[in-house]
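Chemist: Could you slot chain B onto chain A? The hints should help.
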Amino acid sequence: MTRFLMAKPLRLSAPQAYPTTDKPAFRPDKLSPAYAGQHKGNSLLKYISLADRKDKLFRRVLWMGGLTILCLVLGILLTLIVGAIPSLQAFGIRFLWGKVWNPVNQVFGALPFLVGTLLTSFLALLISIPFSLSIAIFLGEYFPPVKGRNRFAHLVREAVELIAGIPSVIYGFWGLFVLVPVIRKLEMSWHVLPYGVGIFTASLILAIMIIPYAASLGREIIALVPQDLKEAAYSLGATRWEMIRHVVLPYARSGIFAGLLLSLGRALGETMAVTMVIGNTSEIPQSIFSPGNTLASVIANEFTEAASRLYLSALIELGLVLFVVTTCMHLIGKTIIHRFSA
Amino acid sequence: MKYSSWFKLALVMAGVVGLSACGGHSGQSTQQSSSDAQTLLGAGSTFVYPLYSKLFALYHQQTGIRVNYQSIGSGGGILQLINKTVDFGDSDAPLTADQEQQAGTPVVHIPICSGAVVLTYNLPGIQDTLLFTPNVLAGIYLGTITRWNDPALQSINPQVKLPDLPIAVVHRSDGSGTTNIFTNYLAKISPDWKNKVGASTSVNWPVGLGGKGNEGVSGLVKQTPGAIGYVELAYAIQNQMPVAKVQNASGHFITPSIASTQAASNINLPADAKVFVTNTSAPDGYPISGFTWAILYREQHYGDRSRARAEELVKLFWWVIHDGQAYCANLHYAPLSPAATTTAEKLLQSVTFDGQPLLHAAKP
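Protein sequences, first through last, are from chains A and B. All you need for the working numbering is the position in the first sequence, starting with 1, plus 304. All you need for the working numbering is the position in the second sequence, starting with 1, plus 759.
No wet-lab data here; the hints were simulated from the structure. Heads up, the beta-carbon is just placed ideally off N, CA and C, and yes, glycines get one too. Any given hint could turn out to be false.
To be verified - DSSO-like mimics (lysine-lysine), calculated; alpha carbons at most 27 angstroms apart, straight line:
| hint | chain 1 | residue 1 | chain 2 | residue 2 |
| --- | --- | --- | --- | --- |
| 1 | B | 843 | B | 813 |
| 2 | B | 1033 | B | 1105 |
| 3 | B | 1105 | B | 813 |
| 4 | B | 953 | B | 920 |
| 5 | A | 489 | B | 981 |
| 6 | B | 953 | B | 1004 |
| 7 | A | 534 | A | 451 |
| 8 | A | 403 | B | 955 |
| 9 | B | 920 | B | 981 |
| 10 | B | 843 | B | 953 |
| 11 | B | 953 | A | 403 |
| 12 | B | 920 | A | 489 |
To be verified - Computed far set for chain B versus chain A, every beta-carbon distance over 12 angstroms:
| hint | residue |
| --- | --- |
| 13 | 823 |
| 14 | 835 |
| 15 | 865 |
| 16 | 893 |
| 17 | 960 |
| 18 | 964 |
| 19 | 998 |
| 20 | 1004 |
| 21 | 1065 |
| 22 | 1091 |
| 23 | 1118 |
So that you can see chain A by itself, here it is in the shape it has in the complex (with noise of 0.2 angstroms):
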């Protein structure tokens, strides 16, 4: 953060001042009357400072957008913790690993909720890869969709941008009226307890959600590869399907992954579908058929009728959990990321 902080010496204490860059700065005041006197009536020098002042306003609003975003995301963890506090002096660490949760006793334990969020983010970025790295291959490298060419590829690009932009509660419904009737009939076919809701059907819904993101990410990445390297490989007497293995993906993996983490970031956080195919037990999921919670749905399905200061606090700290659990996995997929691109 503080490297942040130093990189971009614009002196907001002293605003009229000139940028201090590495470079002596451009200053149309200072120049030369020989080069002054060249130019009739200064326009020219006119025209510079006023561009110049234009520059430095363009640069003090970037400067503001970025400080904007540093406090929000600071100001959530501190609304966060403070919060959090009644419960934290409560329950101290031990709330990470109770497996209670009792609003009429006031116990509380996030553990189901964890295993909840985990279990059901990964699992549906486990079913989602084949899926979004297809589509980003097929779209990137087979058919990519050039203007006034392939209608075909232009209509799937089309549809995997709209499953992103669809409302979340849609998808719940739709879980809820369609796949959950069919999850139980699979389920009873599979002899285990056909509840139809459950992790399985949560993940299965988030998958779908979380498609368009590693999606996309990964067809702008493939569709970059350069011609030259895919050439080579013709010329070694490579088929398409092994240029791909060993020259296209390779080279866009970390794009691919950037994809990837993007929609895990999506499924950890997602509420209102999940909330309505996961079943709401607060109990530790047995299986990937039993249904749980996650820590977004408790916040989402309790916070509105949470009375007590405890229980209200209570909540508060499941969403610091949450807050903590998505940058963790960031930090994590960000020094994978790098390893990949080293």
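Modeler: Okay, now just chain B, sitting in the frame of chain A:
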């Protein structure tokens, strides 16, 4: 360089503090913006919202007084009342001792109307209305009765041949007044339930699946053969769902309806009306029902409140518990019983401004 980066860090921190400060005090500006007596503010229960929006629209037409009610949930309504950002809260459960302590000065609970919680089920091929006794109901939700053809269940429904099907128990996953009434009933009729689970807006359910909202519960029940769940009476009526008769304290099996719900509250109520009328002693009353209460401070002179505003508030609720009751039944709420109306009147008359009762002056 060093100086400027510290300056930026300080700026960031100032921004953070500023943002959190904004969050903490956002409520107070609402009160100031409408400190005149023309707009009253309320917040709370979602259950009563359809009724309130109808009543307050009518009241605005008749008197010009605007009432802005936010259906943010009972818990939120109570919190806003405690923070004194609204004129009244509305809750499906009376304030807990802890909340009353936070409120500081005494509050009054004015019953507004009552609602019932009904049991709905999905048994393929069975058209008859099922009967439930309290013990069987507690057994099902405790997980001790797990199949539909359990002798205990079959013996009270001799006219129906119940199938050999596992019972899929469905409950509300979101915290709600409906759950509060239902668990309160179970806690009254079953010592086991009281000890193991208890009563609250959300509890640690021993068995079953959770559906979000009435629609989530009914969705699960409709889809799952062998499912049983509980929803609000109004929701069941609107969606024509099968509902069970439940045996009340007098031993009668009662069909849930607006009339039987109203009858349930026609009993000797305590003076503060802070009571769950579940498991009612009324012989024709449906046993799983409860009030929703408007909650206001007994002493209305707090903060910078004007007397006019306090008068409008009690006038409004005097209208709601009298003329307003006519609109309850159409929206599938049970109007107040005669006993409840009397109690509500007395409570409203006890509301004061600087120690003087407001209602003499305010009575229309």
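Chemist: All hints are to be evaluated individually against the structure, with a verdict given for each.
Modeler: Outcome of the hint check:
no.: 1; hint: 843/B with 813/B; result: 25 angstroms, holds
no.: 2; hint: 1033/B with 1105/B; result: 13 angstroms, holds
no.: 3; hint: 1105/B with 813/B; result: 25 angstroms, holds
no.: 4; hint: 953/B with 920/B; result: 32 angstroms, violated
no.: 5; hint: 489/A with 981/B; result: 15 angstroms, holds
no.: 6; hint: 953/B with 1004/B; result: 23 angstroms, holds
no.: 7; hint: 534/A with 451/A; result: 22 angstroms, holds
no.: 8; hint: 403/A with 955/B; result: 16 angstroms, holds
no.: 9; hint: 920/B with 981/B; result: 20 angstroms, holds
no.: 10; hint: 843/B with 953/B; result: 34 angstroms, violated
no.: 11; hint: 953/B with 403/A; result: 21 angstroms, holds
no.: 12; hint: 920/B with 489/A; result: 25 angstroms, holds
no.: 13; hint: 823; result: 32 angstroms, holds
no.: 14; hint: 835; result: 6 angstroms, violated
no.: 15; hint: 865; result: 18 angstroms, holds
no.: 16; hint: 893; result: 20 angstroms, holds
no.: 17; hint: 960; result: 4 angstroms, violated
no.: 18; hint: 964; result: 7 angstroms, violated
no.: 19; hint: 998; result: 14 angstroms, holds
no.: 20; hint: 1004; result: 28 angstroms, holds
no.: 21; hint: 1065; result: 30 angstroms, holds
no.: 22; hint: 1091; result: 21 angstroms, holds
no.: 23; hint: 1118; result: 29 angstroms, holds
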